[in-house]
Amino acid sequence: MKQAKGYFGRRKNVWTVAKNAVEKAMLYAYRDRKTKKRNFRSLWITRINAGARLHGMSYSQFMGKVKSNGIELNRKVLADLAMNHPDAFKAIVERVK
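Quick note on numbering: UniProt numbering labels position 62 of the sequence shown as 62, and the sequence is numbered without any gaps.
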């Protein structure tokens, strides 16, 4: 019942309804913790692709060259550079070309 605090209607004060609502909420929370990781990865890929295409490369070409040149930056950092620090991203693109 403590976990059902703040729910609307019978979901907050009728035991069986509250129990079912809390179980369903826990399932959604578990599922969406996994989904959040997928969504962020796809966002990072989209941002890197946009940044790479400004410099005449596709995402797959860029990431292949980043790995082969031994640059140890992950997608999260590369996406941040592409969005917020385009000069630094351009330096990385020039280095891998």
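You may find that some hints are simply not true.
Capping the alpha-carbon separation at 30 Å, the derived lysine-lysine pairs in DSSO-like fashion look like this [claimed, not checked]:
id, residue 1, residue 2
1, 19, 5
2, 24, 67
3, 36, 90
4, 24, 2
5, 36, 24
6, 67, 97
7, 19, 2
8, 24, 12
9, 67, 90
10, 36, 2
11, 19, 36
12, 90, 37
13, 24, 34
14, 65, 36
15, 24, 37
16, 24, 5
17, 12, 65
18, 76, 36
19, 34, 97
20, 24, 65
21, 34, 67
22, 76, 90
23, 5, 37
24, 37, 65
25, 12, 34
26, 65, 90
27, 19, 67
28, 19, 65
29, 34, 19
30, 97, 76
31, 2, 65
32, 67, 36
33, 76, 65
34, 12, 2
35, 12, 36
36, 37, 19
37, 5, 34
38, 37, 67
Calculated from the structure, these hints are not laboratory results.
All values reported here derive from a predicted model rather than from experimental measurement.
Against the structure, the hints come out as follows:
Restraint check for residue 19 and residue 5: satisfied, since their Cα atoms lie roughly 12 Å apart, inside the 30 Å limit. Between the alpha carbons of residue 24 and residue 67 the distance comes to roughly 42 Å, so the proposed pair goes past 30 Å and is violated. With a C-alpha separation of about 29 Å, the suggested pairing of residue 36 with residue 90 holds against the 30 Å cut-off. Taking the CA atoms of residue 24 and residue 2, the gap is about 15 Å. The hint holds against a cut of 30 Å.
As the CA atoms of residue 36 and residue 24 are separated by approximately 18 Å, the hinted pair is consistent with the 30 Å bound. A distance of roughly 12 Å separates the Cα atoms of residue 67 and residue 97; the hinted pair therefore holds under the 30 Å criterion. A C-alpha spacing of about 10 Å is found between residue 19 and residue 2, which places the hinted pair at or below 30 Å, so the restraint holds. Proximity of residue 24 to residue 12 is assessed by CA-CA distance (about 14 Å); at most 30 Å being required, the pair is judged to hold.
Simply put, residue 67 and residue 90 have alpha-carbon atoms about 17 Å apart, close enough for the 30 Å limit, and the pair holds. At roughly 26 Å between alpha-carbon atoms, residue 36 and residue 2 fall within 30 Å of each other, so this suggested pair holds. At roughly 25 Å between alpha-carbon atoms, residue 19 and residue 36 fall within 30 Å of each other, so this suggested pair holds. Proximity of residue 90 to residue 37 is assessed by CA-CA distance (about 27 Å); at most 30 Å being required, the pair is judged to hold.
For the hint linking residue 24 to residue 34, the alpha-carbon distance of about 16 Å falls within 30 Å, and the restraint holds. Restraint check for residue 65 and residue 36: the C-alpha separation of about 28 Å stays at or below 30 Å, so the hint holds. Between residue 24 and residue 37, the direct Cα distance comes to roughly 21 Å. Compliance with the 30 Å bound is thereby established for this hinted pair. Using a Cα cut-off of 30 Å, the hinted pair residue 24 and residue 5 holds, with the two alpha carbons roughly 15 Å apart.
Our distance criterion of 30 Å between C-alpha atoms is broken by residue 12 and residue 65, whose separation comes to about 55 Å. Proposed proximity of residue 76 and residue 36 is supported: the alpha carbons are some 14 Å apart, at most 30 Å. Restraint check for residue 34 and residue 97: not satisfied, since their Cα atoms lie roughly 35 Å apart, outside the 30 Å limit. Distance check on the hinted pair: residue 24 and residue 65 sit about 45 Å apart at the alpha-carbon level, beyond 30 Å; violated.
Of the supplied pair hints, the one linking residue 34 and residue 67 holds, its CA atoms being roughly 26 Å apart against a limit of 30 Å. Distance restraint check for residue 76 and residue 90: the Cα-Cα separation of roughly 16 Å lies within the 30 Å cut-off, and the hinted pair is therefore satisfied. For the hint linking residue 5 to residue 37, the alpha-carbon distance of about 28 Å falls within 30 Å, and the restraint holds. Among the hinted pairs, residue 37 with residue 65 is consistent with the structure: their alpha-carbon atoms are about 25 Å apart, no more than 30 Å.
A C-alpha spacing of about 27 Å is found between residue 12 and residue 34, which places the hinted pair at or below 30 Å, so the restraint holds. A hinted pair counts as satisfied when its Cα atoms are at most 30 Å apart, and residue 65 with residue 90 qualifies at roughly 14 Å. Simply put, residue 19 and residue 67 have alpha-carbon atoms about 49 Å apart, too far for the 30 Å limit, and the pair is violated. Simply put, residue 19 and residue 65 have alpha-carbon atoms about 52 Å apart, too far for the 30 Å limit, and the pair is violated.
Only pairs whose Cα atoms come within 30 Å are accepted, and residue 34 paired with residue 19 is accepted, the gap being roughly 23 Å. Proposed proximity of residue 97 and residue 76 is supported: the alpha carbons are some 21 Å apart, at most 30 Å. Annotation: proposed proximity of residue 2 to residue 65 is violated, straight-line Cα distance about 53 Å (limit 30 Å). At most 30 Å may separate the alpha-carbon atoms for a hinted pair to count; residue 67 and residue 36 meet this at roughly 25 Å.
For the proposed pair residue 76 and residue 65, the alpha carbon gap of about 17 Å is at most 30 Å, so the pair holds. Between residue 12 and residue 2 the alpha-carbon distance is near 9 Å, which keeps this suggested pair within the 30 Å criterion. Note on residue 12 and residue 36: the hinted pairing holds, with a Cα-Cα distance of about 27 Å set against a maximum of 30 Å. Pair hint residue 37 plus residue 19 holds up; C-alpha atoms about 28 Å apart against a cutoff of 30 Å.
Straight-line distance between C-alpha atoms of residue 5 and residue 34 comes to about 25 Å, which keeps the hinted pair within the 30 Å bound. Distance restraint check for residue 37 and residue 67: the Cα-Cα separation of roughly 22 Å lies within the 30 Å cut-off, and the hinted pair is therefore satisfied.
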